[in-house]
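Asks: Residues per chain are reported as follows:
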Amino acid sequence: MSVDTVRQPGATTADPDLSMGLELLAAQNRARLIQSAKVGAVCVGLVALLAATLLQLRIDVPYAARHYGYVLQGVSTTLWVSLVSIFFATVLAVFGALGRLSRNSIAQGVSGLYVSVIRGTPLLVQLWLIYLGLPQIGTELIGLGFPRLGRLFILRAVQSGILALSLNYGAYMAEVFRAGIQSVGHGQREAAQSLGMTHWQMLRRVVLPQAIRVIIPDVGNNFIFMLKDSALVSVIGVLEITGRAGRLARRDSKVMEMLLVAAAAYWIMTIIASWLQSRLENRMARAYRH
Amino acid sequence: MIINVENLHKWFGPLHVLRGIDLTVAPQEVVVIIGRSGSGKSTLLRCLNFLEEPSAGTITIDGQTVSAGLRMRASLRTRAGRQRILALRLKTGMVFQEFNLFPHMTALENILEGLVTVKKIPKEQAVLIGEQCLAKVGLSDKRDEHPIRLSGGQKQRVAIARVLAMEPKVMMFDEPTSALDPELIGEVLDVMLQLAQEGTTMLVVTHEMGFAREVADRIIHIHEGQIAEVGPPKQILSNPEDKRTAAFLRTFTRFERGTS
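Line order of the protein sequences matches chains F and X.
With our numbering applied, the first sequence corresponds to residues 1 to 290, in that order.
With our numbering applied, the second sequence corresponds to residues 291 to 550, in that order.
Incorrect hints may have been included.
[To be verified] Incomplete in silico selection of chain X near chain F, CB under 7 Å:
1. LEU376
2. THR407
3. VAL505
4. ARG508
Keep in mind that the hints were calculated from the coordinates and are not lab data.
All of these numbers come straight from a predicted model, not from anything done at the bench.
All residues carry an ideal CB built from backbone N, CA and C; glycine is no exception.
With the hints as constraints, model all of the structure from the sequences given.
Replies: What follows is the structure, encoded as C-alpha cells:
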C-alpha cells in the first residue's frame, strides 16, 4: 500500500507520523494473516485426523468412489425442492407478516393462527400430515361425491415435501419479516402520511423497501437451512441426496460410506451458498454506505 | 382563515395534553408557537394533520372542517372518512424535527415521491417542479445524493423542499432546528425566512427566539396545554403580559449577560 492511497481527501498538510501509522497497519495485517493460516492448518489437521481414523476402521473408500455419483445425482432434486420451497415460503411470509400487522381482524386471526400452529408442531409431523393425512381426507371427499376436490388433496411425494417446507419456513420467516417491517422508523411512516399517502402506498413505497434490508439476509439464511431440512423429504420417498444415500446404504450395508458422501455434499453446498450470501450482503451494505 | 381551531382537546389516556385550544392562522401569516417541552405544542401541530387523532374540538383547514370525537372515529373506518383525512393532509405540509427523509431515495426522488405517488403528476412535470424546489433551498447540486451523504442542515432543507413541492396551503414546522448542530441552524432558518418573506403561510414550533422576533406576525405561548398568551413579537418577547410567559423566557437568558 503506497503512501498516496492513504492520503485523506481534503487533507492539505502531510502527516509526519504517516510512516509509523503505515508500519503498524502492515504489522496488524501480517498478524491477521498468520492467525488465519494457523486456524486453517488446525482445520485441515482435524479433517486429516478424522480421515485417517476412518481408514483405519476399514471404511470402504473404493465403494464410495464407485457410488458417489449416484448420490450426487440427488443434488438437483435437493436444490429444486429448496429453491421452490423458499420462494413460496417468502410469499407466505410477506402475507403472514402483513397479516399480523393488519388492522383487519380476519387477516390478523388467520396469520396469527398459522404462525402459532406451524411453529408449535414438528416439521416431520407436518410432512406426514400432508403426505399421509391429506389423502385420507381426499378419499373421503371422493367417496362423498367430490372427485375433483378430493383428488386435490392427494399429493405426490415431491409436492408434499415442497408444501410442507413452504408452510413451515413461511411461518418462521413471517415473524422475522414482521420485525423487519416494524423496525422501519416511526418517523418514516409519519412523513409518508403527511404527504398524503394511503396505507398501501406507504407500505409499498417507504416501509417495505427499507424492510428489505432485513428480509433479504433472512431469506438467504433460511435457504441455507432449507438445503439441510430438505433431507427430511427422504422419509416420504423422494430420491434427493439423503434418499439416494440411504437407499444404497440399506441395500449394500455401507451406511458410513454413503452417509459421509451425503454429508460432504451438503457441507459443500452450504459453503458455496454461504459465500454467495455474504457477497450479496456486502453488495447491499455498500449501496447504503456509499 | 387558513386554519381555524376551536376548543381542541387531546387526551393520551388519562393525560390531558391539550386543554381547549383556540387558534387561527390567516393567509400569509407566520405564527410561531413557543412553550416548555411537554406543554403540548408538538401535539397541537400533529393534531392539525391528524398524525394524532384529536379527542374533541373542531379543526377547519382551508374551508374543510373535521369535528373530533366518536363520530370521527367511526368515519375513520369508512373509505370516505379516510379519504377526507388524506385530503386534509394535502392542505398542510409538515417539516419534522428528525427530518424523516426516505433513506432509500435520492434527494430529488424524496421530493418527487409525493408528487408522483399521491398527486399522480406525470414524472417529467414532477421532475421540473422538484428541481425548482431544490434550487429554491439551494441544493440543486445534491439532487442525486442519498440522505446519508447530506449534513443535518442539508437534510432539513431537502425536507422543506419536499413539502414545498406539494404546494400546501400552510407549512407546519415542528422544531425544525432542534436536532441540528448550531453551525447548521442558520442555513435552515435562512430558507424559512425567505419563505416567510415570499408570503408563505407558516405555523412554526421553535425555540429560536431570534427567528421568532424577526419573522413572526404573532407568537403564541402554550403552557400546560392551554394558551397562556398571544401577541406580536414586541409584546411577547420584550413585554410579556403573562407571568408564565415571562418566567418561560427567563430560562433562555440564564447564561446571557444583559437583556435579550
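Asks: Would you mind marking each hint as holding or not holding in the structure?
Replies: Results for each hint:
Proximity of LEU376 of chain X to chain F holds as hinted, the smallest CB-CB distance being about 5 Å (cut-off 7 Å). The beta carbon of THR407 of chain X comes within 6 Å of a beta carbon in chain F, closer than 7 Å, and the hint placing it at the interface holds. Here the hint on VAL505 of chain X is broken, as its CB sits about 22 Å from the closest CB of chain F, past 7 Å. Interface restraint check: ARG508 of chain X against chain F, minimum CB-CB distance 24 Å, threshold 7 Å, status violated.
In terms of the numbered hints stated before, the structure departs from hints 3, 4, listed from lowest to highest.
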